[in-house]
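Asker: Could you put together the complete structure from these sequences and hints?
Keeping their order, the protein sequence lines are chains A, B, C, D and E. Quick note: the first sequence uses my numbering, first residue 1, plus one each step. Quick note: the second sequence uses my numbering, first residue 1, plus one each step. Quick note: the third sequence uses my numbering, first residue 1, plus one each step. Quick note: the fourth sequence uses my numbering, first residue 1, plus one each step. Quick note: the fifth sequence uses my numbering, first residue 1, plus one each step.
Mixed in with the good hints there might be a few duds.
Stated by the list, open to error - Under the rule of at most 27 Å between Cα atoms (straight-line distance), these lysine-lysine pairs were calculated in the DSS-like manner: (1) 144/C - 292/C; (2) 80/B - 144/D; (3) 144/E - 80/A; (4) 144/C - 254/C; (5) 178/C - 188/C; (6) 247/E - 144/E; (7) 144/E - 243/D; (8) 91/D - 247/E; (9) 167/D - 104/A; (10) 247/D - 243/E; (11) 111/C - 125/C; (12) 80/A - 80/B; (13) 124/C - 111/C; (14) 242/C - 229/C; (15) 167/E - 80/A; (16) 73/A - 167/D; (17) 27/D - 187/C; (18) 91/D - 243/E; (19) 167/E - 104/B; (20) 220/C - 19/C; (21) 94/C - 233/C; (22) 167/E - 73/B; (23) 27/E - 220/C; (24) 73/A - 104/A; (25) 247/D - 144/E; (26) 19/C - 229/C; (27) 247/D - 80/A; (28) 215/C - 27/E; (29) 144/E - 144/D; (30) 104/A - 247/D.
What the hints contain is simulated information worked out from the structure, not anything from laboratory work. The model shown is predicted, which means the values in this text are computed figures rather than measured ones.
The primary structure of each chain is shown beneath.
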Amino acid sequence: MLAVHQLTYQYPESSTPVLDNISFAVQPGEFVSLIGASGSGKSTIFRLISGLAEPNAGSIKIGGIQEKNRLGKVALMPQKDLLLPWRTVLDNILLPAEIAGRPKEEATRQAQEWIIRAGLSGYADAYPSRLSGGMRQRVSFLRTIMTGADVLLLDEPFGALDTLTRQEMQAWLLSIWEQLGKTVLFITHDIEEAVLVSDRVLVLRSGDNCVDVPIGLGRPRTKDMVFTPELAAYRQQLTHMISGRERE
Amino acid sequence: MLAVHQLTYQYPESSTPVLDNISFAVQPGEFVSLIGASGSGKSTIFRLISGLAEPNAGSIKIGGIQEKNRLGKVALMPQKDLLLPWRTVLDNILLPAEIAGRPKEEATRQAQEWIIRAGLSGYADAYPSRLSGGMRQRVSFLRTIMTGADVLLLDEPFGALDTLTRQEMQAWLLSIWEQLGKTVLFITHDIEEAVLVSDRVLVLRSGDNCVDVPIGLGRPRTKDMVFTPELAAYRQQLTHMISGRERE
Amino acid sequence: GGGSQTGPAKQEGAQDKPKEKLTIMLDWYPNAVHSFLYTAMKKGYFAEEGIDLDIQMPAETNDPLRMAAANKIDLAFTYQPAVAIARSEGVPVKSIAAVVRHPLNVVLVPKNSSIHSPKDFAGKKIGYPSMPLDEVNIQTMMEKDGADFKQAKMTDIGFDIISALATNRVDAVIGGYKNHEQILLDKKGFPVRAINLSDYGVPDSSELVIAASDKTIADKKDLLARFWKAASKGQDYVLNHKQEGLGYLLANEKKEFPLEKDVEEKSLDILLPLMNEQGQSFGTQSADQWTKVVEWLKKNKQVKPDVKPEDCFTALP
Amino acid sequence: MRRKAYTYWPAVVFFVVLLVAWEMGVKIGGVPSFILPAPSEIIGGLIRYSSELFGVHLLATVEEMLVGLLLSILLAVSLSVLMFFSPLFEKMFYPVLIVSQTVPLIAIAPVFALWFGYSLSSKVAVVVLISFFPLVVSLYDGLKSGDSEVVDLLRTFGANRVQIFWKAQVPMALPSFFSGLKVAAVFSVTGATIGEWLGAEQGLGYFGRRMSSALRADGVFASVLVLSLLGVLMFTVVYMWEKRMLKHK
Amino acid sequence: MRRKAYTYWPAVVFFVVLLVAWEMGVKIGGVPSFILPAPSEIIGGLIRYSSELFGVHLLATVEEMLVGLLLSILLAVSLSVLMFFSPLFEKMFYPVLIVSQTVPLIAIAPVFALWFGYSLSSKVAVVVLISFFPLVVSLYDGLKSGDSEVVDLLRTFGANRVQIFWKAQVPMALPSFFSGLKVAAVFSVTGATIGEWLGAEQGLGYFGRRMSSALRADGVFASVLVLSLLGVLMFTVVYMWEKRMLKHK
Ligand SMILES: Nc1ncnc2c1ncn2[C@@H]1O[C@H](COP(=O)(O)OP(=O)(O)OP(=O)(O)O)[C@@H](O)[C@H]1O
Ligand SMILES: Nc1ncnc2c1ncn2[C@@H]1O[C@H](COP(=O)(O)OP(=O)(O)OP(=O)(O)O)[C@@H](O)[C@H]1O
Ligand SMILES: Cc1ncc(C[n+]2csc(CCO)c2C)c(N)n1
Ligand SMILES: [Mg+2]
Ligand SMILES: [Mg+2]
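Answerer: Written out as structure tokens, the structure is:
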């Protein structure tokens, strides 16, 4: 569904490449997490895949096709919420539907349902300046979901949420993923979260290729799995991998 | 050091109070975490304490004194990084020193040391637009530390950091706290983090007073304590408290 | 234009004739000197000649001449020396009739001023409405009076002849008329004295003439002749019925700008003797006057030596 | 800080004080009233000439102004949009734009008259010439300075340039646009007045100019007063519109 | 999208095309050269009158313009700052500001002359009157529309109003300020010209007017050309300065 091959990228303003010869692939319907140290280039990978930037070398295939213009092919939830301050919560969420030219009524109905699911009922007509950090993040998440794209690139979607809300959002994301057969690439700094939700975890280390760790936990995942020793083991392994210690 | 008494607050645009009759106190040199659901009013408490907003009822004492103008008395790290885009990383960090009128040279030396400690060496002269999310958060953190205030209000300071960087920053924060005898009030959505670093955890629930949970773990805290059963117990207890389940 | 077809015009029974359009631009805002035009229009004299006259006001002193030369309008009220200067600059216009046959332009000074004759201009600020011609006027006057022109501080005062003097920004001003600006200043409580140009060597000239481009003169000879016939009839009427003639002017202006009747009355009293010459029909131009004016302009290097007085004007048949 | 409802009394008080000082200054200081009449005389003039002022000239000026301002907005919007979408057009056109502003009107007045005659269109042209420059500059700068991250977000949604323009760049440019529109609205009054100097048979500027040539200062300042009120009204209308459009702030 | 170095050739090509079209239009279309001379004649005029144009009048106009623009900036900055810090002052002053823009210059020219005489100051006053309005509006709007969260951050650092102003509000207002300054710089040329109509003994506007009354269109347009170049130069200087100041973008 998504294949990244020998990707190299360097910001024009910068002197060394952020990404150097990175390759990985995500199968249709897979749920893959991307973890790595802060500044290792996770968000940059998303910029490249979504088509906001072009790699200096390497190829990106979406659905098996290597397209020149990838914009609009995948749904990107950026790390910053980037809510449009002049639009209400509902109108922010409706933005992708508007752009796709989808019938307004149906989109509105769907958006309103999701606003309730995300615990934002009563805020549909509020402007973003009135929301808390976590609420803004949820709005941004809903907006991404509303694109209806098959591939979701989520950049720390639940980073600002408390445990409970986060669990609810995770469960919901997993249900959407399963029911609608979406493909998800998920950036998180929370290794536990990565293990809990993913089929595989990709560990990105700057100046290095990324390491692929399949997660052998059954589905459906429940939040109580957090306390299982298997998960704890994955967690420790991944923690060490990020810090580069497993190679010593 | 910090005493909040029967605080009530309602945003002018809103119809119900966010905070209703909240009271708590933080002793000098204490490290206290504040947790609660997204939208429960954590950031609002910080706005009130720092003096950006005035409570509708109740009192706030800092260092035993109930001052009218609390601005500049405590250091607030806001949830959004709010870096000034026209200033380089170094100049952003130097901002509080400039405002306090501290000698530039000494402040610059200190800032540069800290830039290195925060893993940002080489970025001192970069503009914020060139930083990753986690790097921006670290700059914002450094800027807060540079105020030199005795009371630190940190709103999700490490929310965008990977585990390793986060652990380093936590350890560093704890060392500053211990060595310089700072008082810290710490908002996080990561209960594990709250337990690991704090003397006490305050759980905020909307429309309710906050509950105080002392953490009986010894000091110094190390990152390996995460795997101890005591911590796991605290974690489960707090998780249930946020969701309101422990009252049933 | 449309307005001229209604009212009195119809009474004269000339409505069936197909009308030709003719545009004329005034030298200034409508004032007593233009009474003959409004009278002829209201009495239907133009309609009788098959003329639909459109009267326009200028934006700037030189607009009438320029617009006429560019054939944007047919006729222009302008100043006699201005026509010669225009020809010298290659602007193809000719005067077709003299309206005011003698100067009105004077140098105005406050009544209590220490300036009594042109030699007193030395060291003083003389305001002029951005016409190079006025510099020659002042120069001629001062030299005649035995002073050095370089000693006068010539100051361009733009549009406002009156208020420049009234605010004491200048010590004297040239370009105001003795039948208009002088009367107005006196009336408004700023008494002034006038110094006549012709008393100090400036040749007698026609203050106002009507000019047209060479092309218009060639193409519309008959129309222009008919125009002047009607205009002369209007002037005759004004001569014989001063009050009524003035009334047509005032009535025409009423809606947009109320003219002051007493000022215009005094103005017309001064004007009429200068407009008609005993034994000559209205508008007749003097070849002798043209020659003197052009010679004087040549002497002062305002026109090139090859300008011929006889090219500057033409008589209507 | 600035949340309170806009109250008018300080302006009113200030104006009253100003007027009283003016009245006193003129009456006591002995400024000749044909140069600067006292406020009371101006009000007198306003009443004396009210039928001409309001019956004929105000309407003429308002027409020139509104037609001109509307054209300005149309022109400024189209030009900014064109320049924004086409860097080539921008490079070709921006210099011409600046040149158009520096050409002294009095110099090209004959050219204007030649092209437009002394009709409504010549005054409208002056209004446009004067008021579209602040509009173009502010709108274009506003469009250019929009947040590029928001634009990127819309691009990932597959938005085309037109959609990005309408849904992100235009809203982000609105504050700047309104800054320019406020200036342009006020300048449209000036433009109409200047247009009337360049040849007119009616309008408040024409009226004032003739009054001035007749040394009737009360009439001059009566027309100035009406013009000023017109300017303040135009500004207020734009200000209100801005408030409505940017209410999310 | 807009990263490439600013190249001038499209403007140059466009201008050349324009000039050729103009030359042809005048020569073939039979526009009388005393109204609109051909570019070649204008260049001729520029050469013929170069000693007066560059020796005397250019300097005079540049002086009026620069002094006026500088005063405008000073005035606009002080007024915006005052209005920004004191809502009372704003309410008192903003209406006066707008009124000041709508008063037709021709009407108050005598008053101006009464106060300033026919010296440099009267022209400077006109420049100020014309160029400070776009500056004030854009600077004040820029200050008001700054991000309040950033301001709040500085407040928590204990910054006083002056510090907040300099370290947050001014930088945030800069883009808007430069928009206004670009307009003001160009308008300062117009202002100087208009100032010179109202009475002058030198300056490009004065020169052009005299040439116009002498029916010498080549001289008129030669001065127009110099004025336009001056305007373009002023704009470019501000544009360069803006680029330098806002380079973090
Ligand atoms: N400016 C505002 N105007 C009106 N309501 C506001 C405003 N800011 C916040 N609120 C409301 O106050 C409530 C608490 O917000 P606050 O930002 O304090 O939450 P929080 O506990 O920090 O949440 P999070 O963990 O998501 O950051 C929310 O319901 C929010 O909608
Ligand atoms: N616009 C830019 N110009 C130059 N360098 C950039 C730019 N954006 C990011 N970088 C650099 O690229 C590197 C990777 O950034 P990126 O945002 O991809 O990191 P990340 O893995 O998402 O980090 P985080 O977890 O902190 O969000 C960083 O070192 C950053 O400084
Ligand atoms: C009533 C009346 N007043 C003034 C003038 C203007 N004017 C008189 S002479 C002259 C030329 C140069 O001095 C100009 C412009 C006029 N035409 N009619
Ligand atoms: Mg990132
Ligand atoms: Mg918060």
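Asker: Hint by hint, say whether it matches the structure.
Answerer: Outcome of the hint check:
1. 144/C - 292/C: holds (17 Å)
2. 80/B - 144/D: Judged against 27 Å, a Cα distance of about 25 Å means the pair holds.
3. 144/E - 80/A: holds (25 Å)
4. 144/C - 254/C: violated (45 Å)
5. 178/C - 188/C: Given that 27 Å is the threshold and the Cα spacing comes to 15 Å, the pair holds.
6. 247/E - 144/E: Holds, because 22 Å separates the two Cα atoms, which is no more than 27 Å.
7. 144/E - 243/D: Between residue 144/E and residue 243/D the Cα gap is close to 13 Å, so the pair holds against 27 Å.
8. 91/D - 247/E: At roughly 20 Å apart (the allowed maximum being 27 Å), residue 247/E and residue 91/D satisfy the hint.
9. 167/D - 104/A: holds (16 Å)
10. 247/D - 243/E: violated (31 Å)
11. 111/C - 125/C: Holds - the C-alpha atoms of residue 125/C and residue 111/C are around 16 Å apart, at most 27 Å.
12. 80/A - 80/B: It holds: about 9 Å lies between the C-alpha atoms, which stays within 27 Å.
13. 124/C - 111/C: OK: residue 124/C and residue 111/C at ~16 Å, within 27 Å.
14. 242/C - 229/C: Holds: residue 242/C and residue 229/C sit about 19 Å apart, inside 27 Å.
15. 167/E - 80/A: Answer holds: residue 167/E to residue 80/A is near 24 Å, not above 27 Å.
16. 73/A - 167/D: holds (20 Å)
17. 27/D - 187/C: holds (20 Å)
18. 91/D - 243/E: The given pair, whose Cα atoms are some 16 Å apart, holds under the 27 Å limit.
19. 167/E - 104/B: holds (16 Å)
20. 220/C - 19/C: holds (14 Å)
21. 94/C - 233/C: Since the Cα atoms of residue 94/C and residue 233/C sit roughly 23 Å apart, the hinted pair holds (cutoff 27 Å).
22. 167/E - 73/B: holds (20 Å)
23. 27/E - 220/C: Given that 27 Å is the threshold and the Cα spacing comes to 26 Å, the pair holds.
24. 73/A - 104/A: holds (21 Å)
25. 247/D - 144/E: Answer holds: residue 247/D to residue 144/E is near 14 Å, not above 27 Å.
26. 19/C - 229/C: Answer holds: residue 19/C to residue 229/C is near 16 Å, not above 27 Å.
27. 247/D - 80/A: holds (24 Å)
28. 215/C - 27/E: holds (18 Å)
29. 144/E - 144/D: Holds, at about 20 Å.
30. 104/A - 247/D: With a Cα-Cα distance of about 24 Å, the restraint between residue 104/A and residue 247/D holds, given a limit of 27 Å.
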